[in-house]
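Build out the structure end to end from the sequences listed, making use of the hints.
Protein chains: 4
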Amino acid sequence: MATFETVGRKEILPPDDNFQEKIRQSFRHQGVMAALNGELVDVRPCYVEIHLPFSEATRQQHGFFHGGMVATVADSASGYAAYTVLEADEECLSAEFKINFLSPARGSKLIARGSVIKAGRQLVITECSVSVVREGEEIDCALMLHTLARAKYVKSGPHSD
Amino acid sequence: MATFETVGRKEILPPDDNFQEKIRQSFRHQGVMAALNGELVDVRPCYVEIHLPFSEATRQQHGFFHGGMVATVADSASGYAAYTVLEADEECLSAEFKINFLSPARGSKLIARGSVIKAGRQLVITECSVSVVREGEEIDCALMLHTLARAKYVKSGPHSD
Amino acid sequence: MATFETVGRKEILPPDDNFQEKIRQSFRHQGVMAALNGELVDVRPCYVEIHLPFSEATRQQHGFFHGGMVATVADSASGYAAYTVLEADEECLSAEFKINFLSPARGSKLIARGSVIKAGRQLVITECSVSVVREGEEIDCALMLHTLARAKYVKSGPHSD
Amino acid sequence: MATFETVGRKEILPPDDNFQEKIRQSFRHQGVMAALNGELVDVRPCYVEIHLPFSEATRQQHGFFHGGMVATVADSASGYAAYTVLEADEECLSAEFKINFLSPARGSKLIARGSVIKAGRQLVITECSVSVVREGEEIDCALMLHTLARAKYVKSGPHSD
Chain A
1 MATFETVGRK EILPPDDNFQ EKIRQSFRHQ GVMAALNGEL VDVRPCYVEI
51 HLPFSEATRQ QHGFFHGGMV ATVADSASGY AAYTVLEADE ECLSAEFKIN
101 FLSPARGSKL IARGSVIKAG RQLVITECSV SVVREGEEID CALMLHTLAR
151 AKYVKSGPHS D
Chain B
1 MATFETVGRK EILPPDDNFQ EKIRQSFRHQ GVMAALNGEL VDVRPCYVEI
51 HLPFSEATRQ QHGFFHGGMV ATVADSASGY AAYTVLEADE ECLSAEFKIN
101 FLSPARGSKL IARGSVIKAG RQLVITECSV SVVREGEEID CALMLHTLAR
151 AKYVKSGPHS D
Chain C
1 MATFETVGRK EILPPDDNFQ EKIRQSFRHQ GVMAALNGEL VDVRPCYVEI
51 HLPFSEATRQ QHGFFHGGMV ATVADSASGY AAYTVLEADE ECLSAEFKIN
101 FLSPARGSKL IARGSVIKAG RQLVITECSV SVVREGEEID CALMLHTLAR
151 AKYVKSGPHS D
Chain D
1 MATFETVGRK EILPPDDNFQ EKIRQSFRHQ GVMAALNGEL VDVRPCYVEI
51 HLPFSEATRQ QHGFFHGGMV ATVADSASGY AAYTVLEADE ECLSAEFKIN
101 FLSPARGSKL IARGSVIKAG RQLVITECSV SVVREGEEID CALMLHTLAR
151 AKYVKSGPHS D
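Chains as they are written, first to last, in the working numbering: chain A, 1 to 161; chain B, 1 to 161; chain C, 1 to 161; chain D, 1 to 161.
Simulated from the structure, these hints should not be mistaken for lab results. Given the structure is predicted, the values throughout are model-derived calculations rather than measurements. Any given hint could be a false lead.
Unchecked claim - Label pairs and their calculated CB-CB ranges:
{"#": "1", "chain 1": "C", "residue 1": "24", "chain 2": "A", "residue 2": "39", "range": "44 to 54 Å"}
{"#": "2", "chain 1": "A", "residue 1": "53", "chain 2": "C", "residue 2": "53", "range": "25 to 35 Å"}
{"#": "3", "chain 1": "B", "residue 1": "17", "chain 2": "A", "residue 2": "63", "range": "26 to 36 Å"}
{"#": "4", "chain 1": "C", "residue 1": "24", "chain 2": "D", "residue 2": "136", "range": "51 to 61 Å"}
{"#": "5", "chain 1": "C", "residue 1": "34", "chain 2": "D", "residue 2": "136", "range": "23 to 33 Å"}
{"#": "6", "chain 1": "D", "residue 1": "11", "chain 2": "B", "residue 2": "89", "range": "43 to 53 Å"}
{"#": "7", "chain 1": "B", "residue 1": "17", "chain 2": "C", "residue 2": "153", "range": "13 to 23 Å"}
{"#": "8", "chain 1": "D", "residue 1": "63", "chain 2": "B", "residue 2": "152", "range": "48 to 58 Å"}
{"#": "9", "chain 1": "C", "residue 1": "34", "chain 2": "D", "residue 2": "29", "range": "17 to 27 Å"}
{"#": "10", "chain 1": "D", "residue 1": "152", "chain 2": "B", "residue 2": "89", "range": "51 to 61 Å"}
{"#": "11", "chain 1": "A", "residue 1": "29", "chain 2": "B", "residue 2": "45", "range": "25 to 35 Å"}
{"#": "12", "chain 1": "B", "residue 1": "135", "chain 2": "C", "residue 2": "11", "range": "55 to 65 Å"}
{"#": "13", "chain 1": "D", "residue 1": "89", "chain 2": "A", "residue 2": "11", "range": "13 to 23 Å"}
{"#": "14", "chain 1": "A", "residue 1": "153", "chain 2": "D", "residue 2": "89", "range": "35 to 45 Å"}
Virtual Cβ for every residue (Gly too), placed ideally from N, Cα, C.
This is the structure we're talking about:
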């Protein structure tokens, strides 16, 4: 599927055996995903897949998925992909992302596939490709490049400054 | 406020006298903004301001605004800023955007201020700065650079391909 | 190699039979590539590869390739990849690009592999991955996502406005 | 000139009294800038200005500045702007940047004005606007948003991994 096959890409072993439960628990605490009926479909080392069904709450003026919703599901999938390579006491923060829209997100469901490109000492670089399901067929609709910063886990939530 | 003061920035006169009504009508048709209680606060030539209150539907796992929600309100404000410079028979499509997160979006409300950087023949370049209201004070939380493509208005919605 | 394997990626047949000569001729007219000894190594449908040897003119303060040089070779490879899908009377202009640096560009040569992600009616979206050759081994050093706008060929050069 | 006037932007006092000399010395060690006759024109807290004259070594096929050269001078100006807010024992590495091209870089000189948007604990966010001097007039030609990571100074150069 959507993985940027770079020259030296190696499979990274999650340093935290508990990464899947950590991610599922975090996902359950996201009001956004609950409100939008987002579904955490797959969590594997360096890879997270999230599905988002079309609804009134995801539509823009033409009846397609709003670009912000495409970015939201991509941000979540690539962000959680980064979680798969974190230490047990770490989480990460989005520093920035860039997204290109390839075709109108017209369809019944978004499928976001996030994966890790590089796990550095300070930063984790991830990507996400988003496709939309239209009449049973998957059509590419967006690509994201995402930079996240490692942070020590804090109960009150992380701070970028 | 948040305007990228470039050397030659000129005020662009909206070619469509009806731009404000066109934008307000489009905004009303966005299921997303309705579901999130987004408010279209200001529509002026080259400038659009949208406010988004904090709610369960906008939160991530730490109780802050989800990064995707910050991107959604920024995408809407800068996208509608682009609408202010379109011809009457045009709309525009997001080609891509990039967003940097400056601090955690912890607060009661997001304020997104979108403005036009350049209105080209094919593309419109806009920016958006997003601040979060925390204990009555505005704190910068994100910056977006946004590229949109002009398209002739079509009832069924625009197509990028 | 470095290709973003998206769900629906199709091989696009170059509409201009003369695309290779058009690209080689354009490349020969780039003062930059001549000055830096850049080499156009491969030109195929949807794919262009450029090599850039390390030299005093490409170095930053630590003796690595300057980030701007990494961006320059990536911009050229992905830009020419876009040329492979243009009509005979078209060229294209960079609207924007985003590049992530994965590791320091320390080595003897940069290898930039540009390819087409999508050829739309107005825009062509390309990507480029850049590796650096260090002690005979290729190491990923950067990834670029690039948006170009089609333009009718004009002798005096294209204009984005 | 080109500063993103965000809500809470504060002037940051350089923690290193020697920041100007540190930057000038680093600049002198950049083979790229020497080869291109780049000139470090101004170094102030949170602000660096670099000029780049047009030459055969900076041109693309139409006789304009190559997009990569526009990115190179912007990367340098915004990167050195970040240097103005570093500790004495720190330097920084480009994590990524995104650049939008506003008009063809046709003219005799590029002027890149880099400034600091935010100096975080791990990351420094900067911007750069680039104008081109054409018949004595400055014309906006590009805008960059740039993310850099702090690193402890190492003689052998920094490493992002």
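A quick look at each hint next to the structure:
| no. | hint | result |
| --- | --- | --- |
| 1 | C:24 with A:39: 44 to 54 Å | 49 Å, holds |
| 2 | A:53 with C:53: 25 to 35 Å | 52 Å, violated |
| 3 | B:17 with A:63: 26 to 36 Å | 27 Å, holds |
| 4 | C:24 with D:136: 51 to 61 Å | 37 Å, violated |
| 5 | C:34 with D:136: 23 to 33 Å | 29 Å, holds |
| 6 | D:11 with B:89: 43 to 53 Å | 46 Å, holds |
| 7 | B:17 with C:153: 13 to 23 Å | 36 Å, violated |
| 8 | D:63 with B:152: 48 to 58 Å | 34 Å, violated |
| 9 | C:34 with D:29: 17 to 27 Å | 25 Å, holds |
| 10 | D:152 with B:89: 51 to 61 Å | 57 Å, holds |
| 11 | A:29 with B:45: 25 to 35 Å | 42 Å, violated |
| 12 | B:135 with C:11: 55 to 65 Å | 56 Å, holds |
| 13 | D:89 with A:11: 13 to 23 Å | 36 Å, violated |
| 14 | A:153 with D:89: 35 to 45 Å | 28 Å, violated |
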